[in-house]
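Starting from the two chains in their separate frames, assemble the complex, guided by the hints.
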Amino acid sequence: MTMTISEETLKRATEAAAAMRAQIGRAVVGQTEVVDQVLAALFAGGHVLIEGVPGLGKTLLVRALARTFGGRFARIQFTPDLMPADVTGHTLYDQRSAQFTTRRGPVFTNLLLADEINRAPAKTQAALLEVMQEGQVTIEGTSHTLEPPFMVLATQNPIEQEGTYALPEAQLDRFLLKVKIDYPPESEEIAMVKQVADSQVGEKLNVESVAPLIQPEAVLTLQRVVAAVRVDAQVLEYAVRIVRATRTWNGVASGAGPRGGIALIRSARAAALIAGRDFTTPDDVKRMALAALRHRVTPTPEIEIEGHSSDTLLKGLLEKVPAPRV
Amino acid sequence: MQPDRVAVVLRPRVGWEALDLGFQMAREWWRPIWAVWFALYLPVATLCLYAFPNRFHAILVLWWLKPVFDRAVLHTVSRAVFGEPQGVRATLRAVREWLPPGIVMALTFSRLNLARSFVLPVAQLERQRGSAARKRNAALGSRMRNVGVWLTVVCSNLEWVTLFGLGALVQMLEPAAGDPGPDDESPDGSFWGHFAQWGLKEACFYIAAVSLVEPFYVTAGFALYLNRRAILEGWDIELALRRLEERLRASSGRIAAVLVLAVAAGFAMSGTQPAFALDDTAKSAHDEIRKVLASPEFSQHKEVTRWYYTGKSKEETKPTELPAFWRALSLLFAKGAEVFLWIAVVLLVAIALYYLSKFRPEPRLRNAPAYRPPDALFGFDLAPESLPDDVAGTAKQLARAGRLREALSLLYRGALSSLVQRHHLPFDPGDTEGDCTLAVRMKLPASADYFSRLVGTWQAMAYAARRPDADSVERLCDEWRPHFSPAATT
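Protein sequence lines, in the order shown, are assigned to chains A and B. The first sequence lines up with residues 1 to 326 when you count with my numbering. The second sequence lines up with residues 327 to 816 when you count with my numbering.
With the rest of the complex left out, here is chain B (with noise of 0.2 Å):
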């Protein structure tokens, strides 16, 4: 391939821009590209629904061939785009040319292949073959083959996008067309049982899809072949340079001669041999040559890409010196914030320590005075010094002296402050007697059965208004002591 020749910009482009180059050649170059299609198209597609009285069998065959068709399509643009634009008859009359190489592949193992138009190309124009073909096709591959793949899809996809289109508009269309009747079922109702109905009409549908779709896609795939070699032969950079060439070419005479000269004079004064180029033979370039590129600098090519800074570097951003009074400014400022910022350092601690010292809880306990259980509950004086001596003795005085109602209290209050104040039982505000009891029975089960008891009666008293015999009042007086008094043991 000549560079020079090609009829397109070329440059590096991303894969999608390149196929953008490769629709936009479509377009360019519709006359020969679709004449050649349909010539070879319309009369094998012809000839497939005549030989074939199940249309779906002759579409599977059609689209079978297609990478057939391809290939003309692909002769054509790629004159095209080297400048020899062919017409449908040159075309036709060189398909032993385009044909052959790799169609075999082509229409069987390839066939399948999701980069179908991308790889094209490699066996028709390169006319690779074998593991050439697929190292070929590795070094192309190795960047835009996903590019490629995803014009498949999306090809294949416009192609069932405008089969189904075209044949909405004309159901649409179709006065006789109603209600899909009992007839449109497909016989055994499945998938493939629909296809199988595939009439003329559908047929047809899909010869104009294919039609419309598959010379953008060969075109497309071959603008991505193209862009991928500008890319990795440097194309752009050969066609700079070869008009840069005939630039020099095309002034005038003089000025060659004055680079000749000068080039001479150069070799002269190097103190070089002029006959230098002269001596050596073609063989020892030859050698030459193979020793250069066996150079570990050649033998080896890898490409990378990665990010890299583009702003301005370091040296440039360097800060201005600021005037005195600024940098005097900015000093305080300075000076300012370290102390305020060594202030809240020091803040922090003393809170840190501040909260340390409140939630340990050893310390305090080791200095704490001894538990100083409260003085009233309840509303009750629980103080011992609020109670007297002997309050077995008192109470029973009092039941006796037909105050049960007195007696009752004071045998609750002092059993309440025996609690608290000996067996520091902790009382809530909320506690019910019935929260009492069970902490009694949870802390002096000893004691449980006469304290419910006392609880019980001071409750009927207190909340029924029921007053209780002496004789059992008394009796819980007798038995106070070996519970409650200061004396009893527990």
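If we strip away everything but chain A, and leave its shape as in the complex, we get (with noise of 0.2 Å):
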């Protein structure tokens, strides 16, 4: 690696990410690994699909987030008539002043919740991938740079199929990390129930008492720290053995391309970072081989009649690898 952290960077940067951590804990009860993700991808410069049934806190998750880097939130609730210029933004004539304005849209933010992102019709859902890779916004042919950082976080719910767009292949591509939401066992269950209903009127998600720790800019230095942190050889290797073997592992119909080695890289490194280390051991990798490659791996059909889904395939993948030795 070209840039090496220096010891003060290394423990100012595990700082912040654990205390941003621990800012979300007082929000979102529960659910640490999905938290980790998240941060993981936030700070590899990443974007995150969520799939869980509703209620389990997605909302709760991204706004709690946003509040502890202090930057702006947006959040888009995608429905089968959204258009893409309800996303991206769009130019309006004014009459009084006889000129064109542009009207910026919910994507000129840091971080957007794109609920239901698979609600949408497929222009709809282009236009936000779209502006998720290229990290800008073309309305009437003028370009507009969206102000770092950016991250977009899409929820999708797995049971209802009826009257969804399911997102291609390549679109899923985009996503960093897919993260699942799983129900909370039952001692974070019992707290989080306690806190949200202990003299509170309604069940409006309360993100008051995270308080915010740094500013959208040191987010950034995060992410150049994250993008220095060590890669050995040995480690880069097993994570590119993992994505080869998801190409001929039994049971699979399509693997991960390249893209997916370079993903489960960046996370590992932030896991590493969130981790309190400077370099990444297999163990980041193997940590999140799941969350970066499980929709970049399709099951076969059979598999899938089977009950199994690409995580079942890659659980039994990970198995076998063989992880490095020196």
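Don't read these hints as lab results, they were simulated from the structure. Hints may be right or wrong, so weigh each one.
What the hints assert, rightly or not - Distance condition first, Cα-Cα at most 25 Å in a straight line; then the derived DSS-like pairs of lysine-lysine:
(1) A:K320 with B:K769
(2) A:K194 with A:K180
(3) A:K180 with A:K315
(4) B:K628 with B:K461
(5) B:K769 with A:K315
(6) A:K180 with A:K11
Now the structure itself:
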């Protein structure tokens, strides 16, 4: 690696990450793995697709995350009649000033929650995914660069398939991680219900307790630090080995492309920083492999009929792909 | 009734076929039937329309009086069937004959009888009343009532279809009729409101529809009734016998004389008294008949429907003897098949035993050699022979010599070897350092902290090229023994 991280920088970065994690934990009870993965995506400068049934705190997580770094937060509820201009923005003719004015859409923000992204038709999805990829919006021929940090957290619901437009594989590939939120364990759920229901009117999500810790610019610094986290050749080979194994693995219809390997290494770096290290280990890779690859691997129909998902395949694969030994 | 005078072919029919016969009858005698119908129905209808300013009420009354007109139709068609076709005048003159029997019931309790046209002949032609009528209806309706009910359903639907069809036709052809205006809405918007608004036109449509359908309905019900009686009373057999009798009567008197002579001779030879019949009075014959009828054979009547085999019996399908050559060939095949089957059974049993022995763990475990840990794992040589006797001591020497990497590698390898060989921790090829630490934490919690420190130092050196300080490596060497040396007790 060309850039090395000083002790001091590492310490501060680790502390900042730990503090953000702790602050999010004040609003989001439990789900530590999900929080870690979302933080990792933020530090790696990627976007996240969150899948989970309604009512598991997806929105709360995003709002809490936005609050920790004082970033702007916007939310789009995707519906079948949502148009690309509703996402990116549009120009209007102002009769008083006799000029065209540009109205910026909700994408001009730091954190964008695209709720139920699979409810909007393909053209709207494509508009957002283009913004995610390019980091800029073109309205009436004029390009507007989005102010970094920019992160999209899209959610989708795994149970309702009627009236939805499934994201194509190529577009799924744009997401760094696909995070699955599952029902919390009993103890966490008790704590959560207590926290929300106690001395509070209504069930409004309360992120007041989350203290803003850093500025959006600091997030950019953190992202630069993550980019400098050392990846040993062995670890890199391990990641590539995993990604390559998905292409030939029994039960996989189509495996992950090289972008999967890149995503895996990027997220493993961020995970290493969150763990307080300035170097990645095979453990980081293995820990992030499910989230980084599950949306890039398509199981064969037979495997799906048997009730297995790409997660099952990847878990089996991770057990068999030899970890590096020095 | 006299079956020999019936103008239709009587034979046992299924209900639906009987309905067809009824429709055919209505078409055959359409003149007298519709003449009587219109002669009665049209005046009454006109009267009703005149009497009730609300046309719907008039239609309701006409509907209610349907059984009255039905009777006239039935009278006409029954006379026609039994070979006495009557004109309108004769029918109207005979009103005392066809109207009174059971008319009160027909217009009150029985008005909503669903098999109305089927049971009408019982009241009108047989003149049965009260419980006798009920019994008769039950006997006749035991298998055919459902057909009568369906007839009612179909005919009432047909009436409505005709009514609406006529309405729609006129609506289409009427030049003045355009889009339904607000006047077409019922005053209160309800279902009945629409009916209350019926005008003369709609009433005429109703009268036309009923006039078209009702005579068919009555004749079909009557045909169903006739068919049921023909089945129950064996009219077709009776007719056949009568025809036979007529043919005999028509043949030459000589045959009759011969027959009489033969019968007389038969009586004479049997030794009975020739005056046999003369001795018996009518009374004794009556007693005899009653006795016979009281016997169990006649006391019950039960109709049973069941399937029975009408194909060839077994005797008929008995195989013919084969020629010797074919017999030998078939025997050869049979023997061959038997041998083949036995071989298959033996093979199946052998396969079953093989799999049973393969998947039954216990006997194998008993005979199995003791767990033999792998000598190499993760590319490391983990065999105890490949390691120095004193791992910690050797590592410390290496550390002191500045060869920290070798020292740490030896410690790590020694620890893994100990875990695999002595503690039998199963490691997969995909297990990372983190997984190993987790396994140690589960199995050897006392050594977990040390092991994770060792792994952490090792990782920092391996993946971050970070050279650990010699002191910490030496400390790791010192602490190694209690956890992983062969002498250590855990």
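So, going through the hints one by one against the coordinates:
Only pairs whose Cα atoms come within 25 Å are accepted, and K320 of chain A paired with K769 of chain B is accepted, the gap being roughly 22 Å. As the CA atoms of K194 of chain A and K180 of chain A are separated by approximately 24 Å, the hinted pair is consistent with the 25 Å bound. The straight-line distance between the Cα atoms of K180 of chain A and K315 of chain A is roughly 15 Å, inside the 25 Å bound, and the hint therefore holds. Between K628 of chain B and K461 of chain B, the direct Cα distance comes to roughly 16 Å. Compliance with the 25 Å bound is thereby established for this hinted pair.
Restraint check for K769 of chain B and K315 of chain A: the C-alpha separation of about 23 Å stays at or below 25 Å, so the hint holds. Between K180 of chain A and K11 of chain A, the direct Cα distance comes to roughly 30 Å. Violation of the 25 Å bound is thereby established for this hinted pair.
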